[in-house]
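**Student:** The chain contents come next:
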Amino acid sequence: MPIPSDHIVKSFDEELKHLNQIIAQMGGLAEAQLQTAIEALVRRDANLATQAVQSDARIDELEHQVDSLSIRMLALRQPMARDLREVVAALKIASDIERIGDYAANVGKRAVVLAQVPPMRPVHVIPRMGRMVQAIIKDVLDAYVEHNADKAVGAWERDEEVDEMYTSLFRELLTYMMEDPRNIGPCTHLLFIAKNIERIGDHATNIAETVHFLVHGRTIEAARPKGDMTSFAMVSPPDAGGPETDKS
Amino acid sequence: MAIVTERPNLEASGDAPPDRAERPVKISARGVDVFYGTKQALKSVDLDIRENEVTALIGPSGCGKSTFLRCLNRMNDVIESARVSGTILLDGQDIYDRDLDVVMLRARVGMVFQKPNPFPKSIYDNVAYGPRIHGLGASRAELDEIVMTSLERAGLLAEVKDRLQEPGTGLSGGQQQRLCIARAIAVNPEVILMDEPCSALDPIATARVEELIDELRENYTIVIVTHSMQQAARVSQRTAFFHLGELIEVGDTEQIFTSPRDERTQGYITGRFG
Chain A
444 MPIPSDHIVK SFDEELKHLN QIIAQMGGLA EAQLQTAIEA LVRRDANLAT QAVQSDARID
504 ELEHQVDSLS IRMLALRQPM ARDLREVVAA LKIASDIERI GDYAANVGKR AVVLAQVPPM
564 RPVHVIPRMG RMVQAIIKDV LDAYVEHNAD KAVGAWERDE EVDEMYTSLF RELLTYMMED
624 PRNIGPCTHL LFIAKNIERI GDHATNIAET VHFLVHGRTI EAARPKGDMT SFAMVSPPDA
684 GGPETDKS
Chain B
381 MAIVTERPNL EASGDAPPDR AERPVKISAR GVDVFYGTKQ ALKSVDLDIR ENEVTALIGP
441 SGCGKSTFLR CLNRMNDVIE SARVSGTILL DGQDIYDRDL DVVMLRARVG MVFQKPNPFP
501 KSIYDNVAYG PRIHGLGASR AELDEIVMTS LERAGLLAEV KDRLQEPGTG LSGGQQQRLC
561 IARAIAVNPE VILMDEPCSA LDPIATARVE ELIDELRENY TIVIVTHSMQ QAARVSQRTA
621 FFHLGELIEV GDTEQIFTSP RDERTQGYIT GRFG
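Sequence order for the protein chains is A and B.
All the letters of the first sequence, read from the start, carry residue numbers 444 to 691 under the working numbering.
All the letters of the second sequence, read from the start, carry residue numbers 381 to 654 under the working numbering.
Read the hints as simulated data drawn from the structure, not as lab findings.
Heads up, a few of these hints could be off.
Distance condition first, Cα-Cα at most 35 angstroms in a straight line; then the derived DSBU-like pairs of lysine-lysine [as the list claims (entries may be wrong)]:
id	chain 1	residue 1	chain 2	residue 2
1	B	LYS495	A	LYS453
2	A	LYS460	A	LYS581
3	A	LYS460	A	LYS535
4	A	LYS552	A	LYS535
5	A	LYS581	A	LYS535
6	A	LYS453	B	LYS423
Pair by pair, the computed Cβ-Cβ distance ranges are [claimed, not checked]:
id	chain 1	residue 1	chain 2	residue 2	range
7	B	ASP642	A	SER611	47 to 53 angstroms
8	B	LYS541	A	VAL452	42 to 48 angstroms
9	B	LYS495	A	HIS590	53 to 59 angstroms
10	B	THR529	A	ASN463	42 to 48 angstroms
11	A	THR662	B	PRO388	52 to 58 angstroms
12	B	ARG641	A	THR493	38 to 44 angstroms
Reference listing, derived: stretches of chain A covered by chain B, where coverage requires no fewer than 3 residues with Cβ under 8 angstroms from a Cβ of chain B [stated by the list, open to error]:
id	region
13	641 to 648
14	651 to 662
None of the values given here were measured: they were computed from a predicted structure.
Just so it is clear, CB atoms sit at the ideal spot from N, CA and C, and this is done for glycine as well.
Just need the whole structure built from these sequences, with the hints factored in.
**Tutor:** See the structure below:
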């Protein structure tokens with residue numbers, strides 16, 4: 444006997460569809476928000492940066508909608524198996540997208556400040572990192588909409604490149620700061636911007652893991668690829684007797 | 381000045397906790413077919429029931445779950461047109477062996493039915509009935525002890541201890557069902573079969589019976605047929621899904637209700653057919 448894809452109770456299907464639609468909408472907004480924030484940084488456009496900060500409110504509002512719809516469905520439908528995973532995945536993904544929105548807004552805030560000071564060279568590395576993360580977000584959201592676990596895993600694996608790019612940028616920014624203390628202010632902002640983008644990549648990775656769980660009912664077995672080495676970095680001044688050469 | 385990056389060893393040490401130990405098999409069914417006349421109600425069912433666990437049998441009406449349950453204490457023997465083949469072992473012993481005493485089997489494998497069916501006797505006599513015919517409780521004191529213990533284990537003693545001589549049929553539905561459970565455990569069975577034991581009960585009485593099932597698991601092996609998937613999810617450790625006379629899937633309850641392997645299980649428990 445073929446198994447019907449629809450529920451006997453039609454309104455349940457409609458609620459699930461609605462839930463998917465809100466998530467897709469949130470994802471689209473977060474993608475656009477990140478793009479706007481990075482664009483504003485590159486163009487040194489404070490107005491555009493402000494737009495990126497403001498669009499966060501709409502994402503938060505949609506997250507509340509996902510929360511209340513999910514809780515309602517858990518209480519009233521008591522979903523099982525795939526349906527249960529759909530609702531739990533929606534809750535988790537909405538929270539990841541909300542965090543992505545927060546980080547993108549923070550990139551926007553710092554872009555406003557950086558627009559007021561002379562331009563720094565590493566600003567050009569950031570859009571590259573940003574584009575990479577945007578592509579990952581786009582892929583994981585497509586994977587969610589299509590329920591495509593392979594696509595999610597593909598995106599999941601690419602987060603390592605973002606981490607590596609962040610590690611390299613981190614070192615570059617430290618060098619600038621060591622060269623001239625006047626760089627410390629803008630470089631710190633750039634460092635936080637890069638960190639925000641790297642964190643956005645991590646949340647995209649979470650979403651990829653959730654999509655895998657949604658489709659297969661189990662978590663990805665491999666260890667998450669990690670290329671962020673900045674937590675272990677230390678600057679040692681020359682008179683401290685530390686190693687003179689860069690060992691990493 | 382230099383930037384040094386060295387990754388310290390952050391790996392956790394120690395062994396991972398072991399998985400939940402698998403309990404020994406109490407009942408083992410292999411290739412069980414059941415026919416009612418020419419209609420095949422069960423098709424080559426292989427299923428192991430583990431000791432001191434609650435196994436829930438679920439599936440749409442007419443899927444064979446109650447038929448399978450009734451095979452486990454040969455209740456199908458009383459249906460004239462029913463024919464059972466295959467093997468069912470209880471502690472390794474074939475329960476369809478010609479030399480096996482069916483009355484003894486049913487003492488070892490007790491049953492609780494959908495509708496509470498107390499005898500038209502006193503509460504005391506309802507519970508004492510089984511022990512008397514099985515020659516348990518030689519003296520009055522011993523019999524009293526069995527009745528009290530059984531009512532206590534069925535979570536009913538506190539509610540009825542002052543009216544043991546009143547008719548069992550005067551109790552509420554939930555109390556009657558717990559009386560039937562007390563009657564089933566009075567003969568000291570090893571396995572208790574329950575055929576939709578809560579379908580005639582309100583939610584509070586249902587919760588009491590479910591709590592009781594969880595307590596009984598410590599001393600008995602329990603097999604329960606239920607139409608309520610929430611109930612199966614709440615009370616059982618293992619769940620078996622039947623469809624059109626076949627056992628489609630059996631697994632840990634958690635796995636069946638979060639990520640069933642078979643599309644048919646998925647379709648049934650998510651309300652897509654049935």
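**Student:** Can you tell me whether the CB distance of THR662/A to PRO388/B sits inside 52 to 58 angstroms?
**Tutor:** For PRO388/B against THR662/A, whose Cβ atoms are near 26 angstroms apart, the range 52 to 58 angstroms is violated.
**Student:** Could you tell me whether the CB distance from ARG641/B to THR493/A stays inside 38 to 44 angstroms?
**Tutor:** violated (52 angstroms)
**Student:** For the region 651 to 662 of chain A, count the residues whose Cβ lies under 8 angstroms from any Cβ of chain B; is that count three or more?
**Tutor:** holds (count 3)
**Student:** That 42 to 48 angstroms hint for LYS541/B and VAL452/A (C-beta), does it hold up?
**Tutor:** holds (46 angstroms)
**Student:** Would you check the hint for LYS460/A and LYS535/A, treating anything up to 35 angstroms between C-alpha atoms as holding?
**Tutor:** Roughly 17 angstroms between the alpha carbons, so the hint for LYS460/A and LYS535/A holds.
**Student:** Given the proposed pairing of LYS495/B with LYS453/A, does the C-alpha separation stay at or below 35 angstroms?
**Tutor:** Since the Cα atoms of LYS495/B and LYS453/A sit roughly 33 angstroms apart, the hinted pair holds (cutoff 35 angstroms).
**Student:** Given the hinted pair LYS460/A and LYS581/A, is their alpha-carbon gap at most 35 angstroms?
**Tutor:** With a Cα-Cα distance of about 20 angstroms, the restraint between LYS460/A and LYS581/A holds, given a limit of 35 angstroms.
**Student:** Is the hinted pair LYS552/A and LYS535/A satisfied, with a Cα-Cα distance of at most 35 angstroms?
**Tutor:** Holds, because 26 angstroms separates the two Cα atoms, which is no more than 35 angstroms.
**Student:** Are there three or more residues in the region 641 to 648 of chain A whose C-beta lies within less than 8 angstroms of some C-beta in chain B?
**Tutor:** n = 0 at 8 angstroms, threshold three: violated.
**Student:** Okay, LYS495/B versus HIS590/A on CB: inside 53 to 59 angstroms?
**Tutor:** violated (44 angstroms)
**Student:** Return holds or violated for the Cβ distance of ASP642/B and SER611/A against the range 47 to 53 angstroms.
**Tutor:** Hint holds: Cβ distance 48 angstroms, inside 47 to 53 angstroms.
**Student:** Within 35 angstroms, alpha carbon to alpha carbon, are LYS581/A and LYS535/A?
**Tutor:** Within the cut-off at roughly 17 angstroms; holds.
Hint compliance for this structure: hints 9, 10, 11, 12 and 13 are not met, and every other hint is.
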